[in-house]
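First residue of the sequence shown? That's 0 in numbering that gives the first Met the number 0, and the numbers climb one at a time after it.
Source of the hints: derived by calculation from the structure; they are not laboratory data.
Mixed in with the good hints there might be a few duds.
Per label pair, the in silico range of CB-to-CB distance [as the list claims (entries may be wrong)]: (1) N175 / P213: 33 to 41 Å; (2) A120 / S86: 31 to 39 Å; (3) E195 / S86: 37 to 45 Å; (4) N89 / L165: 45 to 53 Å; (5) D217 / N89: 25 to 33 Å; (6) N60 / T159: 33 to 41 Å; (7) E108 / D247: 14 to 22 Å; (8) V45 / G161: 29 to 37 Å; (9) T159 / N80: 23 to 31 Å; (10) G161 / I126: 30 to 38 Å; (11) G207 / Q92: 18 to 26 Å; (12) L225 / D247: 23 to 31 Å.
Lysine to aspartate or glutamate pairs mimicking EDC-like chemistry, simulated, CA-CA at most 16 Å apart [as the list claims (entries may be wrong)]: (13) K236 / D218; (14) K241 / D180; (15) K112 / E131; (16) K232 / D218; (17) K199 / D218; (18) K199 / D180; (19) K232 / D180; (20) K112 / E136; (21) K251 / E237; (22) K66 / D95; (23) K135 / E81; (24) K82 / E136; (25) K232 / E186; (26) K198 / E186; (27) K224 / E44; (28) K199 / D217; (29) K236 / D180; (30) K93 / E136; (31) K135 / D85; (32) K66 / E44; (33) K93 / E44; (34) K198 / D180.
Where a beta carbon is used, it is the ideal one built from N, C-alpha and C, also for glycine.
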Amino acid sequence: MKVLKIIIASVLLLVACNKKQEEALATITIHTIGDSTMANKKNPEVNPEHGWGQVLPSFFNANVTIKNHAVNGRSTRSFINEKRWDSVYNQLQKGDYVFIQFGHNDQKENDPKRYTNPYTAYRNNLIQFVQEARSKEAIPVLLTSIVRRNFNENGTLVDTHGAYPLVVRLVAQEYNVPLVDAQYLTEQLEESYGVEQSKKLHLHFLPGEISYYPEGKDDNTHLSKLGATEVAKRIVKELGQKVPALQDFITKENE
């Protein structure tokens, strides 16, 4: 009985110490800007689609506030032109983080409101995000686009983003910005699941299979809750290495 009491007391002491340690940490705010692969989705209780930014809070402790500003269908051009970046910029405080991931809609050549040439407008829009975030003493983090599930007839995962991820890498290098290569991380993810099982990471439903998509769904770009969680897990793990200051804010089970 005495041994049991000692064990219980030790456990309670450890819990109290961990709680005090967490409370002692400074609070931080992470702003995320991007497109539908990152964005919050409506009706999350019944909607199978989730953005990876939507599940991001579960990977950080209570000292972190995440403000997900990503919006479906936006490119760097439309995010700026619609004054969405202005709204984020006006909120930035010293020490805030800004996670930046675009590319899916920047490549839409038939839409002048969204399309950007990767080597000119896209590059300069990324530079604008970086420089203006730093002007507020916030910390930008660049991410390449997550991949689409695009396997060919031989089972090879084929790229769909062209030069856009390369430009992100070059901007990160030139401006000394932490880079999370989400393209590479999600290539590994898709390939690890394989041609058929990777459908679970996205939105694949037969007609009548679920009530949310009565006519069925065949979407290889957007993420299921499983897909969003798997993507966020890999991104957060990489963040712990590329941005060491975030390590203390990542929940222990996700390190």
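Each hint tested on the structure:
Separation of N175 from P213 is about 50 Å and departs from the stated range, judged on CB atoms against 33 to 41 Å. For the pair A120 and S86, the supplied restraint of 31 to 39 Å is violated, since their beta-carbon distance comes to about 21 Å. One distance hint, 37 to 45 Å for the beta-carbon pair E195 and S86, holds here, with the actual separation near 42 Å. Between N89 and L165 the C-beta distance comes to about 31 Å, which lies outside the given range of 45 to 53 Å.
The beta-carbon spacing between D217 and N89, approximately 40 Å, falls outside the hinted interval of 25 to 33 Å. Our hint of 33 to 41 Å for N60 and T159 holds, since their Cβ atoms are close to 35 Å apart. The hinted range of 14 to 22 Å is not satisfied by E108 and D247, whose Cβ atoms lie roughly 44 Å apart. At about 35 Å, the CB distance of V45 to G161 agrees with the hint of 29 to 37 Å.
Separated by about 24 Å at the C-beta atoms, T159 and N80 satisfy the suggested range of 23 to 31 Å. Checked against the hint of 30 to 38 Å, the pair G161 and I126 fails, with Cβ atoms roughly 19 Å apart. Judged by the Cβ atoms, the range 18 to 26 Å given for G207 and Q92 is violated: they are separated by roughly 49 Å. Restraint check, L225 to D247: a C-beta distance of roughly 28 Å satisfies the suggested window 23 to 31 Å.
Simply put, K236 and D218 have alpha-carbon atoms about 26 Å apart, too far for the 16 Å limit, and the pair is violated. In summary, the hint linking K241 to D180 is supported, as the alpha carbons are separated by about 10 Å, within the 16 Å threshold. Only pairs whose Cα atoms come within 16 Å are accepted, and K112 paired with E131 is rejected, the gap being roughly 22 Å. In summary, the hint linking K232 to D218 is not supported, as the alpha carbons are separated by about 21 Å, beyond the 16 Å threshold.
Only pairs whose Cα atoms come within 16 Å are accepted, and K199 paired with D218 is accepted, the gap being roughly 11 Å. For the hint pairing K199 with D180, the CA-to-CA distance comes to about 22 Å; that exceeds 16 Å, so the pair is violated. Taken as a hint, the K232 and D180 pair is honoured in the structure, with Cα atoms around 13 Å apart against an allowance of 16 Å. For the given pair, K112 sits about 30 Å from E136 by alpha-carbon distance, which is inconsistent with the 16 Å threshold.
Of the pairs offered as hints, the one joining K251 and E237 holds, with about 14 Å between alpha carbons and a cut-off of 16 Å not exceeded. Between K66 and D95 the alpha-carbon distance is near 11 Å, which keeps this suggested pair within the 16 Å criterion. The suggested pairing of K135 with E81 is violated, with an alpha-carbon distance near 21 Å, which exceeds 16 Å. For the proposed pair K82 and E136, the alpha carbon gap of about 20 Å is over 16 Å, so the pair is violated.
Between K232 and E186 the CA atoms are separated by roughly 14 Å; this keeps the pair inside 16 Å, and the hint holds. Distance hint between K198 and E186 is fulfilled; the C-alpha atoms sit about 14 Å from each other, no more than 16 Å. In summary, the hint linking K224 to E44 is supported, as the alpha carbons are separated by about 10 Å, within the 16 Å threshold. Proximity of K199 to D217 is assessed by CA-CA distance (about 11 Å); at most 16 Å being required, the pair is judged to hold.
A threshold of 16 Å between alpha carbons decides the hint, and for K236 with D180 the separation of about 12 Å falls inside it, so the pair holds. For a cut-off of 16 Å, the pair hint linking K93 to E136 stands: about 5 Å separates their Cα positions. Between K135 and D85 the CA atoms are separated by roughly 12 Å; this keeps the pair inside 16 Å, and the hint holds. Of the pairs offered as hints, the one joining K66 and E44 is violated, with about 20 Å between alpha carbons and a cut-off of 16 Å exceeded.
For the suggested pair K93 and E44, the alpha carbons sit about 35 Å apart, so the restraint of at most 16 Å is broken. Straight-line distance between C-alpha atoms of K198 and D180 comes to about 22 Å, which puts the hinted pair past the 16 Å bound.
Of the numbered hints listed earlier, those contradicted by the structure are 1, 2, 4, 5, 7, 10, 11, 13, 15, 16, 18, 20, 23, 24, 32, 33, 34.
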